[in-house]
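Enquirer: Build out the structure end to end from the sequences listed, making use of the hints.
For the protein sequence lines, the chains are A and B, in the order given.
Take any residue in the first sequence, count from 1 to its spot, add 27: that is its number in our numbering.
Take any residue in the second sequence, count from 1 to its spot, add 40: that is its number in our numbering.
Each hint should be verified, as a subset may be incorrect.
Said to hold, decoys possible - Each computed SDA-like pair below joins lysine to any residue, with the alpha-carbon atoms no more than 20 Å apart:
#1 Lys89/B x Thr126/A
#2 Lys92/B x Glu128/A
#3 Lys92/B x Asn127/A
#4 Lys69/A x Thr64/B
#5 Lys84/A x Thr68/B
#6 Lys135/B x Glu95/A
#7 Lys69/A x Val127/B
#8 Lys135/B x Lys105/A
These aren't lab readings, by the way, just hints derived from the structure by calculation.
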Amino acid sequence: EPEVTQTPSHQVTQMGQEVILRCVPISNHLYFYWYRQILGQKVEFLVSFYNNEISEKSEIFDDQFSVERPDGSNFTLKIRSTKLEDSAMYFCASSAGRTNEQFFGPGTRLTVL
Amino acid sequence: GNSVTQMEGPVTLSEEAFLTINCTYTATGYPSLFWYVQYPGEGLQLLLKATKADDKGSNKGFEATYRKETTSFHLEKGSVQVSDSAVYFCALSLKDGGYNKLIFGAGTRLAVHP
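Expert: And the structure:
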């Protein structure tokens with residue numbers, strides 16, 4: 028059964044460093060999403076991506092964040108200069124269509140020290 | 041604004057007990073409602089959904105009914121199993137903007153003991 032994969036499963040970084048979280052969506056899906064969950068808090072929408080551009084972003088998704096689909100299979104989330112408050116579980120999701128079910132990856136736990 | 045509130049966990053039950061996890065929502069439009077489940081070490085999986093009032097979503101013995109009058113979507117199962125131990129997330133989506141971002145509740149951890 029096709030699934031969304033994410034790497035790494037756990038990333039530890041120093042404050043101020045850049046990190047790239049990687050996702051491989053399901054191959055025939057066209058819509059891509061990033062969500063995050065700070066420990067003990069709600070899963071929050073960050074950004075959606077379609078046709079090689081951002082279609083919607085939340086207020087959390089500021090200039091420190093960017094997304095890219097560099098090669099037709101990967102979907103990446105970059106945080107340019109990490110802050111302590113960026114520590115969270117980051118989930119990637121994809122869907123075949125705008126109203127179709129979103130399939131989630133297992134998440135990447137980011138720890139900023 | 042749009043939000044989802046679900047009961048705090050953890051919920052601890054014995055096998056074959058009845059489960060209810062409460063979920064209520066606030067939405068400016070007419071949302072679709074979902075329950076997602078996260079098993080240890082895995083991603084969020086769609087458990088069931090309902091797209092309009094009085095619809096009942098069901099899957100794997102779980103059920104939830106879209107109640108517009110009480111803005112609720114409570115999850116129920118008549119007889120839980122140890123394998124149901126997981127974190128359950130209630131969520132909504134609104135079709136404004138066209139891209140159906142999901143708005144989640146905080147999650148409720150369920151632990152089922154033999």
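Enquirer: Tell me, which hint numbers fail for this structure?
Expert: 6, 8
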